[in-house]
Amino acid sequence: MRTTSRRRLLGRTLNYLFLCLVAFVALTPILWMISASLKSPSEILRYPPTIIPEEIRWENYTDVFALQPFAQQFLNSVVIMALVAVLTLVMSVPAGYALARIKPLASGAIFLALLSVMFIPPEATIIPLFQYAAALGWVDTHYPLVVFTAVLVTAPIATFVMRQAFLTLPAEFEDAAALDGSGRLRTMLQIFVPLVRPSLASVVVLACWYSWNQFLEPLIYLRSPEKLTVPVALTHYEDPLAGPLWGVQMAATTLSIIPVLLVFFLAQRHVVSGLTAGGLKS
Amino acid sequence: MTASTGASSVRGRASGREKGRNLFGYTLLAPQMIGFTAVGVVAIVWVIWLSVHDVNVLAGTQEFIGLENYSRILTDPSMITVLPNTFFFVCVLSIAGTIIALLLALLLDQALRGINIFRSIIFIPALVTMVAWALVWSFIVQPDGLLDALLGAVGIDGPPWLRGGWLTLVVFALIQLTKNVGINVMILLGALQAVPHELVEAGRIDGAGPPRILRSVVIPQISPAILMVFMLTVVGSFKVFEVVMLLTEGGPGVQSSVLAFEVYKQGFLLNDIGYASALAVLLFVLILLLTAAIWQARKRVVFHEND
Numbered sequence: 000m001r002t003t004s005r006r007r008l009l010g011r012t013l014n015y016l017f018l019c020l021v022a023f024v025a026l027t028p029i030l031w032m033i034s035a036s037l038k039s040p041s042e043i044l045r046y047p048p049t050i051i052p053e054e055i056r057w058e059n060y061t062d063v064f065a066l067q068p069f070a071q072q073f074l075n076s077v078v079i080m081a082l083v084a085v086l087t088l089v090m091s092v093p094a095g096y097a098l099a100r101i102k103p104l105a106s107g108a109i110f111l112a113l114l115s116v117m118f119i120p121p122e123a124t125i126i127p128l129f130q131y132a133a134a135l136g137w138v139d140t141h142y143p144l145v146v147f148t149a150v151l152v153t154a155p156i157a158t159f160v161m162r163q164a165f166l167t168l169p170a171e172f173e174d175a176a177a178l179d180g181s182g183r184l185r186t187m188l189q190i191f192v193p194l195v196r197p198s199l200a201s202v203v204v205l206a207c208w209y210s211w212n213q214f215l216e217p218l219i220y221l222r223s224p225e226k227l228t229v230p231v232a233l234t235h236y237e238d239p240l241a242g243p244l245w246g247v248q249m250a251a252t253t254l255s256i257i258p259v260l261l262v263f264f265l266a267q268r269h270v271v272s273g274l275t276a277g278g279l280k281s
Numbered sequence: 000m001t002a003s004t005g006a007s008s009v010r011g012r013a014s015g016r017e018k019g020r021n022l023f024g025y026t027l028l029a030p031q032m033i034g035f036t037a038v039g040v041v042a043i044v045w046v047i048w049l050s051v052h053d054v055n056v057l058a059g060t061q062e063f064i065g066l067e068n069y070s071r072i073l074t075d076p077s078m079i080t081v082l083p084n085t086f087f088f089v090c091v092l093s094i095a096g097t098i099i100a101l102l103l104a105l106l107l108d109q110a111l112r113g114i115n116i117f118r119s120i121i122f123i124p125a126l127v128t129m130v131a132w133a134l135v136w137s138f139i140v141q142p143d144g145l146l147d148a149l150l151g152a153v154g155i156d157g158p159p160w161l162r163g164g165w166l167t168l169v170v171f172a173l174i175q176l177t178k179n180v181g182i183n184v185m186i187l188l189g190a191l192q193a194v195p196h197e198l199v200e201a202g203r204i205d206g207a208g209p210p211r212i213l214r215s216v217v218i219p220q221i222s223p224a225i226l227m228v229f230m231l232t233v234v235g236s237f238k239v240f241e242v243v244m245l246l247t248e249g250g251p252g253v254q255s256s257v258l259a260f261e262v263y264k265q266g267f268l269l270n271d272i273g274y275a276s277a278l279a280v281l282l283f284v285l286i287l288l289l290t291a292a293i294w295q296a297r298k299r300v301v302f303h304e305n306d
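Just so you know, the sequences run in chain order A and B.
Using numbering that gives the first Met the number 0, the first residue of the first sequence is number 0, and each one after it goes up by one.
Using numbering that gives the first Met the number 0, the first residue of the second sequence is number 0, and each one after it goes up by one.
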């Protein structure tokens, strides 16, 4: 009796020790980034480093906006993200519904084709896509970042998630709607779509997340500083002679993760359910 | 007579309804399929076409050279480093990534006080932009940075982390792993929480200890999720790009480079479009073959309740 409770206590302590270690590895880079974002250039390179800045230097944060049109770049990222999310919904909700409930001829083959698109790495198609964008006059515009991303990456994944969501609903809903004289389009929009609202939310979150994180594509398509997106802009806080301006760069990086964390804590449940949905019901 | 006409007219109406149903389905699929064909299919055909040409960007000429770009991959001395590097990330990130994610998911699946805080914390790096994560890490591993200071506190002199060789690859793998492990943990955690309690309870009544329950009940139950995590990490590990670009630019030489970065370098920095396209096709084929192989093997590994 005594030994089991002691063993349980030991087990629990070990668990917490491991959890704290994991938390330490996950959080240290972020805390270190915040600490560096408040340091003066001389303190940043001091060895051994200081953990809490001796003198808090808020200028790093104002320099973020002085050295680059960061507010504009931030807005670019937000607008592109929103458009990717909308386009993803527009393509994936009907497609997912068709694959799950309408099942037209050859829908199995179409589904397989979409699944295989999910495995094409962006690096493998970036060369033709760049020439494509050049031919359309889309270089140094945001169009390829919205259209190509939604069509090739986020919408196929979202279609998969939406298909799984629509599959879980019982067939009686369709029959009941048909008896009431509801047309196919109305059945879809008024009965089925509202029922998969959690999946809609997770699809939006996934699309936003993917778009916000993109680096290679904006790096290649965009040229003008005022058109850049946040990840590319973060890499431009460098002194051409002295290397990275660590303090300013870390301040900009800190600013870049705030909206993501905000969205996460607001939509935590949906993020998680969105990630798990595909894995469980196959 | 009347009965047969009635039946045929019903059949006629039914097939008409069937036609309408198909038409409606295709209309719904149209935006996705048109976009997919106009962008995805065209891009793949285009990249294959470019890979058998010698493209001169400045002169604007394209000359058909057959498989020369591909044979160049075989003789390119830098590929002797780049391809093993790429496979190093694929093997380490997928296998270690899946195992670590599974262990963390089991750790986080317990009913401990404050467990939700730890679950959120481990997911935070996954939310941070990869570029931000790579930049913070480049700040941490720079000479006399935080990592050297932490090691210095216990009397170890930090080695040159980014000077190439296996150490740099390990550093990259760790950065990539810590960034993405949270997503995989969440997927596996979701699967763990869906394991029916009755099964675990039945195992316990049969006298199985926790390791046996884990091996015989829990792992088979969550095997589809494990497979999904494994496939996601295999695909993702081919795309180690930001770390390479931001921390070493593949250097020194190509010592820390990977296939994805070489595609970018050859295509956009050196303007060797034909060769870069051949590398891109190779990247694509490798991923396709590997995912197809895993998908084929899934029936032997994955437990299906319905089978």
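Since the hints were derived computationally from the structure, they do not count as laboratory data.
Treat the hints with caution; some may be incorrect.
Claimed, not checked - Calculated pairs, DSS-like style, for lysine-lysine (alpha carbon to alpha carbon, straight line, at most 27 Å):
id, chain 1, residue 1, chain 2, residue 2
1, B, K238, A, K102
2, A, K102, B, K18
3, A, K226, B, K298
What the hints assert, rightly or not - Where chain A lies over chain B, by a calculated footprint (3+ residues, C-beta under 8 Å):
id, region
4, 67-79
5, 132-146
6, 157-169
7, 207-213
Glycine included, C-beta positions come from ideal geometry on N, C-alpha and C.
These are the hints, each one checked on the structure:
With a C-alpha separation of about 34 Å, the suggested pair B/K238 and A/K102 falls outside the 27 Å cut-off, and the hint is violated. Proximity of A/K102 to B/K18 is assessed by CA-CA distance (about 12 Å); at most 27 Å being required, the pair is judged to hold. As the CA atoms of A/K226 and B/K298 are separated by approximately 48 Å, the hinted pair breaks the 27 Å bound. Given as covered by chain A, the region 67-79 of chain B fails the check, having 0 residues with a CB less than 8 Å from a CB of that chain where 3 are the minimum.
For the region 132-146 of chain B, the proposed coverage by chain A is satisfied: 10 residues have a C-beta within less than 8 Å of a C-beta in that chain, meeting the threshold of three. Remark: the region 157-169 of chain B is not confirmed as covered by chain A, as 0 of its residues place a Cβ nearer than 8 Å to a Cβ of that chain, below the required three. Here the region 207-213 of chain B counts 0 residues with a CB under 8 Å from a CB of chain A, which misses the bar of 3, and the coverage is violated.
Going down the numbered hints, you'll see the structure goes against 1, 3, 4, 6 and 7, while the others check out.
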